[in-house]
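Protein sequence lines, in the order shown, are assigned to chains A and B.
For the first sequence, position 378 matches number 378 in full-length UniProt numbering, and the numbering has no gaps at all.
For the second sequence, position 327 matches number 327 in full-length UniProt numbering, and the numbering has no gaps at all.
Quick caveat, the hints were computed from the structure, so don't treat them as lab data.
The structure displayed is predicted, hence computed values, not measured ones.
Please note: incorrect hints may appear among the correct ones.
[Unchecked claim] Part of the chain B face toward chain A, derived, beta carbon under 7 Å: (1) Ser264; (2) Val306; (3) Asn351; (4) Arg379.
[To be verified] With a cut-off of at most 30 Å between alpha-carbon atoms, the simulated DSS-like pairs for lysine-lysine come out as follows: (5) A:Lys100 <-> B:Lys114; (6) B:Lys171 <-> B:Lys313; (7) B:Lys271 <-> B:Lys171; (8) A:Lys100 <-> B:Lys117.
We treat Cβ as the ideally placed atom computed from N, Cα and C, and that holds for glycine.
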Amino acid sequence: MADSTILENPPSSLAPHVPFAQMIGPRLKPEVLAESKVPDLREAGYDCIRYMGTCTGGHIYLGREQKMGKSFVAIKKYSIDDIDDYAAIAKDTANLRLLKHDNILHLIQSFVFERSIYQITPAMNLGSLYDVVVNYKTFGIGEKATAAIVHQVLDALIYLHQRRYIHRDVKSKHILIDSTGHVKLTGFRFMIELNQHLECVFQYDDNLQNQIYYLAPEVIQQNMKGYTAKSDMYMLGITVCEAINGVMPFSELDPLEMMYRKLNGQAPRPVDRRSLEDDQQMGIDISQRPQEHLNREFSVELHEFVSNCLAFAPNQRLSAAEMKKCSWLRSDEFKNLIPSDVSRELQLEYSHFDLSLWPQEPLLSPEPEQKYPIAFDYTAIS
Amino acid sequence: MFFSSVRTDILGRFLLLSPIFFLIFLPFFGAWSLVILISNNDYKSIVLFSGNPSKFFKRFNTPPFYKRQMPLLFGKSHKTPADVVRTLREVLIILDKLPPPRLDKDGNVVTDKKYDKALEEVSKNVAMIKAFIYGSDASEPSGDHVVQVAQLAQEVYNANVLPMLIKMLPKFEFECKKDVGQIFNNLLRRQIGTRSPTVEYLGARPEILIQLVQGYSVPDIALTCGLMLRESIRHDHLAKIILTSDIFYTFFSYVQSEVFDIASDAFSTFKELTTRHKAISAEFLDANYDTFFAQYQNLLNSKNYVTRRQSLKLLGELLLDRHNFNIMTKYISNPENLRLMMELLRDKSRNIQYEAFHVFKVFVANPNKPRPISDILNRNREKLVEFLGEFHNDRTDDEQFNDEKAYLIKQIQEMKFSPKEVKKHKKEEEHPVVVPEEPARVEESKPGPSGPSTSQQQ
């Protein structure tokens, strides 16, 4: 099985001492940057501070509660006129409301204000796992940090699977981290509930194309066998590879070829000396690989963990609860990892993530009442 | 001395290990069965055992003791559905009598030990009922699952647990609330042949459904109640109960709730109620046309943008349903409604404009427009033609929309030349009170190229 995570153009390294606030700048699309004004939510009880980024169909702002301890919150704004799928956002919100777990993002409030739907959630100051990897960990995060994150994500998945839900959207952008090392799962838009006795579902949502690179082969196959909660484990496997390699598996391929390879049973691996040597034996040139990848060596258990997550046949994958007891997470080095291990192992400069340092951006003035200029005349003819 | 100390040491070890020896040798003495008996509190069996041991042991011939599952020893999963439901009922009665936790002066919740214990018991028993239905994490639903669920359902009806569960839902623990919802929905889906026993049960007790609707006013349980309600109203019989009750009109306030997820959940239930069972809802709307649409007007003018948009969309669906023909004719004969739609056409939001168009088109397409409606359309003819000419021109890929728009423009343009209209205008010309004012007003409000053409035509 060839190693498909080919680092053709390693992303340019970013200087670690650049403050977070400046770093997310260049990643924004120009048209978004142009209107870096924040909505005025004072009436709803929140001070909106600054623009943070986009999410599917919406924008994320940093805010602060006016009362109740003035804690920082993330404000997700979905402009109703821009979104196509109103139902998906309603579902996302309802799902968040019906879940309660330490490793699942807690919904503080959701409301409609002016012409947008807002979701208020606690602010996770490191952003998502994706943000961390893209901004600071060009060659991926360490094994211990990965284990500590996976521990917490698995807890969330066990909770969901126990309640007969399939998350269907486990990806690095949906794994949020804060500076204390707490990891929270989010993105419940596509979560689906298993019905009474069937352990699998047959709904192949068109809207699942956003996360197509993460999808398990049986979901891509769209066959009569359906897919089970095990497809979440596959997505977790891909996410782990992404985090640990610093690059999305298959991302250099186009979707069609990615699907073809997945359906042929090709699975990505964590890139280290061991897997690169395997590649070399198969005649793949590894001389261009970065030293960071060539020099490191992960435990055999990690390789086993990933290959089990990415097993082609769903029934060969372990369930989330079984995974929690797998040899990797139970080994002396990686068992009993607590949230603070995440923050310690990530080795970031946490002073850069102090949310209170960020300046207030100007508030948007309320939208003027614009109507079509021609007024109709309703006076009766009499 | 030395010798004796060693001996006591060996003895001590032997004594420490003795429980293990006891367990190892137990099967050979036959006493192991007594342990099972005692742990199960099965006194009848003890009597049987002491009376005729050989007959008694035949009960245990399969499977051998070492293959026996552990739970039997502890008797945990040995509770029958009847036991669980009975215990649940008892705990619920206790819980009902206990005073709910209050806030003290500092705003802290005063916890009552008894209350917490009762809550815990409720959660435990509800979880057990759920395990009967879905199978627990450890074990799959067992072979006699169908029998067990049937027994469970029967016990639930007999003990009248459902009304109590729904009534006390706000008190329960977080996960327990959802468990109750799942159990409720599962029982609802249960069928015996063509009968749905739970539906019959709920049909005889409308207060349960009413309680569920009222659940929307309690944020903690709103979504769970919504799930249960939507499952219930899939049955026309139960939907009718809610529609005919006054409680239905509370939906008009729930859908405008400040909490987005509650509002949107309430709206989807509201939509289900008014659209799912066509005949029943048409009958309801026909009988309560005035009350319903008076309230509906509030939704269309709601401050909540989402409500406004959703209710406008639903209105379009309601009017275009052929079951609701009478309602549509009533609706499109009221000039106030036309006026509202024309204002919504001008709304700043494109989505609202688009949805309003789908209601507006019905007014125009009506072949027998009442006088006030045709008056308004006539008066605004030029403006409307101009407006519709520019209306959402970028929707090039939506063929149906473009066809409809072209049709509307044609209709509005042709209105004047229809024989009836011409006759009317001629009649009006004979009475010179009315007509001269009309073109003058149009010119006042909007002098333009359209002004002269009207006067020329006249």
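Right, here's what the structure says about each hint:
1. Evaluation of the Ser264 of chain B hint against chain A yields a held restraint, the C-beta minimum of about 4 Å falling below 7 Å.
2. With a cut of 7 Å, the hint placing Val306 of chain B at the interface with chain A holds, because the nearest CB-to-CB distance is about 5 Å.
3. Because the closest C-beta pair between Asn351 of chain B and chain A is about 6 Å apart, less than 7 Å, the hint holds.
4. Using the Cβ-Cβ criterion of 7 Å, the hint placing Arg379 of chain B at the interface with chain A is satisfied: the shortest such distance is roughly 5 Å.
5. With a C-alpha separation of about 25 Å, the suggested pairing of Lys100 of chain A with Lys114 of chain B holds against the 30 Å cut-off.
6. Straight-line distance between C-alpha atoms of Lys171 of chain B and Lys313 of chain B comes to about 37 Å, which puts the hinted pair past the 30 Å bound.
7. Taking the CA atoms of Lys271 of chain B and Lys171 of chain B, the gap is about 29 Å. The hint holds against a cut of 30 Å.
8. Note on Lys100 of chain A and Lys117 of chain B: the hinted pairing holds, with a Cα-Cα distance of about 21 Å set against a maximum of 30 Å.
In summary, the structure is inconsistent with hint 6 from the numbered list given earlier, while agreeing with all the others.
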